[in-house]
Amino acid sequence: MNISLSITKNIHDWLFEVMSAPFATVVENVLIAVAFLAFFALAGLLLVWMERRIAAFFQLRLGPNRVGPMGLFQTIADALKLVSKELTGPDKADKFLYNLAPYFVIVASLMALSVLPFSQEFHAFDINIGVFFLIAVSSIGVIGILLGGWSSNNKYSLIGAMRSGLQTISYELSVGLSILTIVVLAGSLQISEIIAAQQAGGWFIIQGHIPAMIAFMIFMIAGTAETNRAPFDLIEAESELGAGFHTEYSGMKFAYFFLAEFINMFIIAAIGVILFFGGWLSPFGITESIPLLGIFWFMLKVLGLIFLMMWFRWTFPRLRVDQLLTLEWKYLLPINLFNIVLMAVIVWLGLTINF
Amino acid sequence: MTNSELQTLISSWNSELEFSEAESQFLNITVKPEYLHQLTSQLKSTKETSFDFLFCLTGMDWGADLGVVYHLESTIHKHQIVVKVNTSDRENPTFDSVCDIWYTAEFHEMEVFDFFGIKFNNHPNLKRLFMPKDWVGFPLRKDYVDEVNMVIK
Amino acid sequence: MTTTTENNAFKSQEYFINMGPQHPATHGVLRLLLTIDGEIIKNIDPDLGYIHRSIEKMCERDSYQQIVHLTDRMDYLSAHINNEAVCLAVENALGLEVPERVKVIRTIIAELTRLASHQLWWGVMGMDVGALTTYFYGFRDREMINDIFEETCGARLTMNYNIPGGLMFDLHPNFVQRVKDFIAHFKTKLPEYDTLLTGNVIFQKRTQGVGILTKEDAISFGTTGPVARASGFSCDVRKHHPYSAYDRVQFNEALFTVGDTFTRYQVRIQEMWESMAIIEQLIDNIPDGEFKTPTNAVIKLPKGEFYQRVETARGELGVFIVSDGKKNPYRLKFRSPGFSNLSALKKMAVGSKLGDLVAIMATLDIVVPDIDR
Numbered sequence: 001m002n003i004s005l006s007i008t009k010n011i012h013d014w015l016f017e018v019m020s021a022p023f024a025t026v027v028e029n030v031l032i033a034v035a036f037l038a039f040f041a042l043a044g045l046l047l048v049w050m051e052r053r054i055a056a057f058f059q060l061r062l063g064p065n066r067v068g069p070m071g072l073f074q075t076i077a078d079a080l081k082l083v084s085k086e087l088t089g090p091d092k093a094d095k096f097l098y099n100l101a102p103y104f105v106i107v108a109s110l111m112a113l114s115v116l117p118f119s120q121e122f123h124a125f126d127i128n129i130g131v132f133f134l135i136a137v138s139s140i141g142v143i144g145i146l147l148g149g150w151s152s153n154n155k156y157s158l159i160g161a162m163r164s165g166l167q168t169i170s171y172e173l174s175v176g177l178s179i180l181t182i183v184v185l186a187g188s189l190q191i192s193e194i195i196a197a198q199q200a201g202g203w204f205i206i207q208g209h210i211p212a213m214i215a216f217m218i219f220m221i222a223g224t225a226e227t228n229r230a231p232f233d234l235i236e237a238e239s240e241l242g243a244g245f246h247t248e249y250s251g252m253k254f255a256y257f258f259l260a261e262f263i264n265m266f267i268i269a270a271i272g273v274i275l276f277f278g279g280w281l282s283p284f285g286i287t288e289s290i291p292l293l294g295i296f297w298f299m300l301k302v303l304g305l306i307f308l309m310m311w312f313r314w315t316f317p318r319l320r321v322d323q324l325l326t327l328e329w330k331y332l333l334p335i336n337l338f339n340i341v342l343m344a345v346i347v348w349l350g351l352t353i354n355f
Numbered sequence: 356m357t358n359s360e361l362q363t364l365i366s367s368w369n370s371e372l373e374f375s376e377a378e379s380q381f382l383n384i385t386v387k388p389e390y391l392h393q394l395t396s397q398l399k400s401t402k403e404t405s406f407d408f409l410f411c412l413t414g415m416d417w418g419a420d421l422g423v424v425y426h427l428e429s430t431i432h433k434h435q436i437v438v439k440v441n442t443s444d445r446e447n448p449t450f451d452s453v454c455d456i457w458y459t460a461e462f463h464e465m466e467v468f469d470f471f472g473i474k475f476n477n478h479p480n481l482k483r484l485f486m487p488k489d490w491v492g493f494p495l496r497k498d499y500v501d502e503v504n505m506v507i508k
Numbered sequence: 509m510t511t512t513t514e515n516n517a518f519k520s521q522e523y524f525i526n527m528g529p530q531h532p533a534t535h536g537v538l539r540l541l542l543t544i545d546g547e548i549i550k551n552i553d554p555d556l557g558y559i560h561r562s563i564e565k566m567c568e569r570d571s572y573q574q575i576v577h578l579t580d581r582m583d584y585l586s587a588h589i590n591n592e593a594v595c596l597a598v599e600n601a602l603g604l605e606v607p608e609r610v611k612v613i614r615t616i617i618a619e620l621t622r623l624a625s626h627q628l629w630w631g632v633m634g635m636d637v638g639a640l641t642t643y644f645y646g647f648r649d650r651e652m653i654n655d656i657f658e659e660t661c662g663a664r665l666t667m668n669y670n671i672p673g674g675l676m677f678d679l680h681p682n683f684v685q686r687v688k689d690f691i692a693h694f695k696t697k698l699p700e701y702d703t704l705l706t707g708n709v710i711f712q713k714r715t716q717g718v719g720i721l722t723k724e725d726a727i728s729f730g731t732t733g734p735v736a737r738a739s740g741f742s743c744d745v746r747k748h749h750p751y752s753a754y755d756r757v758q759f760n761e762a763l764f765t766v767g768d769t770f771t772r773y774q775v776r777i778q779e780m781w782e783s784m785a786i787i788e789q790l791i792d793n794i795p796d797g798e799f800k801t802p803t804n805a806v807i808k809l810p811k812g813e814f815y816q817r818v819e820t821a822r823g824e825l826g827v828f829i830v831s832d833g834k835k836n837p838y839r840l841k842f843r844s845p846g847f848s849n850l851s852a853l854k855k856m857a858v859g860s861k862l863g864d865l866v867a868i869m870a871t872l873d874i875v876v877p878d879i880d881r
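Top to bottom, those sequences are chains L, E and F.
1 is the number of the first residue of the first sequence in the numbering used here; add one for each residue after it.
356 is the number of the first residue of the second sequence in the numbering used here; add one for each residue after it.
509 is the number of the first residue of the third sequence in the numbering used here; add one for each residue after it.
One should not assume that every hint holds.
What the hints assert, rightly or not - Below, computed lysine-lysine pairings styled on DSS-like, alpha-carbon distance capped at 25 Å:
#1 F:K854 / F:K723
#2 F:K800 / F:K854
#3 F:K695 / F:K747
#4 E:K439 / F:K834
#5 F:K723 / E:K474
#6 F:K855 / E:K482
#7 E:K482 / F:K565
Said to hold, decoys possible - Which bits of chain L does chain F cover? Going by a derived footprint, with three or more residues having C-beta under 8 Å, they are:
#8 33-42
#9 150-159
#10 166-180
#11 214-226
Keep in mind the hints are simulated off the structure, nothing from the lab.
From the three backbone atoms N, C-alpha and C, an ideal C-beta is built for every residue, glycine too.
So that you can see chain L by itself, here it is in the shape it has in the complex (with noise of 0.2 Å):
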């Protein structure tokens, strides 16, 4: 297999020096996955809490605060007795179909959270193309949006789902466009090599001046809709579509497309930390020394970007279906394009600012 693993040497070393190597293969893949699966739950369930928290700072409210300091636990409690209700579906629903939607969004979010470095050495897979394999991967899950919009047999799902679907096409190319302005600068697809051009020349949101803002602005917007938040949440659109795709579920599978929603948030802040903001690097290098540190700085900016979205969300209307695309085919593309150009001149002629 052609993976590049760099976790921790120590445990590395020491599964290859206890066990045959292609055992130890295994052992070592399953121990990520698990601690992968763990990462996820429980930064899902971090992020729900903390989605409430500041909504009710926003709102005037409390929020959450009587399960656990600072009700740090009620979204645990919520996620038991997710998991203990009963799971009810529509009668007429392609049972399995409607079954198998919820795992392809979950599947998607995790298998995009493989790639995400969370320091030098936190990195469990650090492949060659990492940038293009995040958004190939990530734009999986719409899949299972479409699924289990159209296979619940109702309309009010189907009107969500499709609506997912043309909002993820046209969205996907903003992301795409907008990465692909850093990957110019960075001249490299791979995860790791960009993290090292930043920290040779400064994060890329300075290195690469006017363009980079542009295309983090852009990021950030079709990041938004790439995840369907508000502004963006034509899909959910609570006050038009009920709760759109997800109606007709219950119980845990529902909690899988809503766990999915905030993993994904959490993936598109992470790809714009990395893109724009240094990845794992501490601001000015004060901590250069300490390589574990690095996770620090890694949550800290992710949960910057985070709180960023949760803003949007809290903050402004829904758009309308032909206003989502008026924005992105009429504004954020030519403009993504103009700046991918822009960028080209910049990196050709030497005007980047370099520390």
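Model the placement of chains E and F on the given structure of chain L, informed by the hints.
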């Protein structure tokens, strides 16, 4: 226009109208069902009257007769008038619809049909609006009896 | 036979969809049968009556004092104004002169009711177009008004403060100060509403040019209140047929000309300013005196027909009483503003998108019990 001026003008259109100001704050015109649509459209289209705002449409059960009361106002001249139409046919009461003159009548006539069973000719979508589709009888008629749902004091 | 249906199925992309009776945007149990082509609305057929309680039939049974209590349950957001309509109709029919104090208090409370109703509408309007935070801002300020009502008459929503002849009780001693505090508070908060929603580009794009109702149509559909005034139809009953203390206060009728969703929004925002102006003019000059004129225990109206129009938060409410001289009316008809406003929905929304329908419904400010009665 004052009520007397209105009465002079409107009575010149049709000699079979009855005018009354007793027991009401408005000028009341009672019209025969066959002249209803002609009179109401004339009330709206004539420049001096231009009753363009139908602010209330009421179904009535006068005991023997069934009827409809139209409250009209002119947004230009600010005068008001009441048009009444009655029929003694309780089995199959029918009037002409005025919803081509005032769009609001479409909903109000549905309501009158629902509660009084009065039918309106040329109404685009006459159906039971509030009551269930299979309801028997017309609840606001005085002779309506429902021993289950009605509490009589 | 089968082939023709199949052919039709391929030709026509339209399908039926049930909006309501349980739907977040219908604000109650209103059911709209929509015919939709993709996202575009082709036809709207409202199905009413899910909470029809036959209030008009009950009125024929009840005495006039009892009828006042039923009107609370129609447009519960303008409960006081509904009460006032019936009381005024009965008082006018009897030729009963109510004390000046009652007129002023009724007007102040009616304007507070209008403010509370518009605050709730503003919150819900934001929520319908997707800005969930507005809901809590609207409710924060409405809470203060409800507290004032609670102190005045013991109820927060269905107040029953009016009786034919005057008021149920006199004002609470704190009333004047609390209303002044509220006005001072809300004058700083109302510009916040503008910052959060009115000035938002997405909100403006969502509402401008959507659901246009021309002035001619507004009159013909019998729309009243903010819906009609946004189209330029000057229909404010407080101006044209003043009742209670409206003849002695200065205020402007909020009139716009465009008639789209955004102007309907603007009318209500401006009405909130006007309501505050009316309250400010009256709050310092509440005359002393009795809070009711005594009436007979059994009110019998003279034989005749009586019509009373008032301006609720949603538009013109008409009370048409036909009396045969007994203690209960022979026939009582409520001309509810929501019912006529709803009839214009089809005109406004056909041809627009599903998302627009929600925004249009929000600016119609529908209260379903008011439509169903």
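Right, here's what the structure says about each hint:
no., hint, result
1, F:K854 / F:K723, "holds (16 Å)"
2, F:K800 / F:K854, "violated (45 Å)"
3, F:K695 / F:K747, "holds (24 Å)"
4, E:K439 / F:K834, "holds (23 Å)"
5, F:K723 / E:K474, "violated (30 Å)"
6, F:K855 / E:K482, "holds (19 Å)"
7, E:K482 / F:K565, "holds (20 Å)"
8, 33-42, "violated (count 0)"
9, 150-159, "holds (count 3)"
10, 166-180, "violated (count 0)"
11, 214-226, "violated (count 0)"
The structure is inconsistent with the numbered hints 2, 5, 8, 10, 11, although it conforms to all the rest.
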